[in-house]
Amino acid sequence: DTAVSQTPKYLVTQMGNDKSIKCEQNLGHDTMYWYKQDSKKFLKIMFSYNNKELIINETVPNRFSPKSPDKAHLNLHINSLELGDSAVYFCASSTTSGGPNTGELFFGEGSRLTVL
Amino acid sequence: GESVGLHLPTLSVQEGDNSIINCAYSNSASDYFIWYKQESGKGPQFIIDIRSNMDKRQGQRVTVLLNKTVKHLSLQIAATQPGDSAVYFCAENRPNDYKLSFGAGTTVTVRA
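For the record, the sequence lines run as chains A and B. Each residue of the first sequence is one higher than the last, beginning at 1 in our numbering. Each residue of the second sequence is one higher than the last, beginning at 117 in our numbering.
This is chain B alone, in the form it adopts within the complex (with noise of 0.2 Å):
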């Protein structure tokens, strides 16, 4: 699969493989992350979440990693599809703070 140790503001992937997205979170003091999937021309919307009790978590053909020491997030796609070409956001929380505070995006491209 492809990856990326740290952020990156683009990832290539070739269909087929798995692909891994980072972040990096700012506020140790944030207690829920969610990942977001922005299609072109759409509003963000939910992928997964996962709060700081946890340091794993999966989905459908999708992972979330939560290393609360290094203030770490990723999001791995299994078997990424054409339709996985997006841009990905990871986003934090803080406990009873309305604002959902969000990353620099990551635009992924599925190579066919």
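So here's chain A without its partners, still in its complex pose (with noise of 0.2 Å):
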């Protein structure tokens, strides 16, 4: 029973593409999380929500749209791919009750988005 789980795992596209990566955690938390780790291995968050509503949103480009269902579910749409997208983007959740501080978060595997 995976914690934290993501699809797709493995996702290329050409340019200009839109594509989606689906997120659903069966953890009960409250607080979903985007996170892009790029080819240096660095992680940064990109968004955040906490029950359905945006908490965090980083410097990202408009391009990038958030979408949260519900609490379980956190999507990540990009429109107009660009070959600098080329990351892997990790979906994570915690707890609540002042966010990260009072728990660890929980990783997913990961999606590995290629644009050629």
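Note that these hints are calculated values from the structure, not bench results.
Distance windows between CB atoms, simulated:
1) R227/B x N17/A: 37 to 47 Å
2) D70/A x K184/B: 37 to 47 Å
3) M170/B x N26/A: 27 to 37 Å
4) S128/B x S39/A: 16 to 26 Å
5) Q14/A x T185/B: 49 to 59 Å
6) A228/B x N62/A: 47 to 57 Å
7) V60/A x F162/B: 22 to 32 Å
8) K44/A x K158/B: 16 to 26 Å
9) K184/B x S39/A: 24 to 34 Å
10) S5/A x S128/B: 29 to 39 Å
11) T7/A x Q161/B: 17 to 27 Å
12) L54/A x N143/B: 20 to 30 Å
13) V60/A x N143/B: 17 to 27 Å
14) N17/A x Q174/B: 42 to 52 Å
Result set (DSSO-like, lysine-lysine): computed pairs, CA atoms no more than 27 Å apart in a straight line:
15) K44/A x K71/A
16) K187/B x K40/A
17) K41/A x K215/B
18) K44/A x K158/B
19) K22/A x K41/A
Ideal placement from N, C-alpha and C gives every residue a C-beta, glycine not left out.
Since each chain comes alone in its own frame, lean on the hints to assemble the complex.
If you want it as structure tokens, here you go:
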């Protein structure tokens, strides 16, 4: 039983296309995140939702749009894909009450996006 | 054991030796710190955490040390095993902040 699951695990697409990555967590957590990991392994937060409400929106191009239909799901849609969007995207979740300060982040296995 | 005084992106360790991974954090207001381990092709996994009211915390074969004066965090792994080969990240969090900020990772390779 995977706690945080992402699909697809691999995604290869052409520049200019639109793609989505889905994430689901079965931990009962209220807060979910999207992180981007570049080729140098640097992890940077993109978005966070708490109970379906956007609470963190880092400096991310508006081609990236997160959507949280319910607190167990956080999807990431990317429009007009560019070469620089190639990376591994990680979904994560945590309990609330002050955010991750009260506990750890649980990460999914990652979705490797390659833009050609 | 093998250690690094400053953060280095890679660390090669002989199996059975102790290893020390260092991390400098950026925000003096941060009060919660976590070490994560990321194996190849997987997401980061929690190893151990420490709050700013402590300077040392021990887990199974791992110890985290926190020096708030110089904003330095270290992870010590005892009797390093091949399964310890991974990228290790430190992360910091400020009070009431949902954002966990990650440092640059250290790739640990265990030599047989």
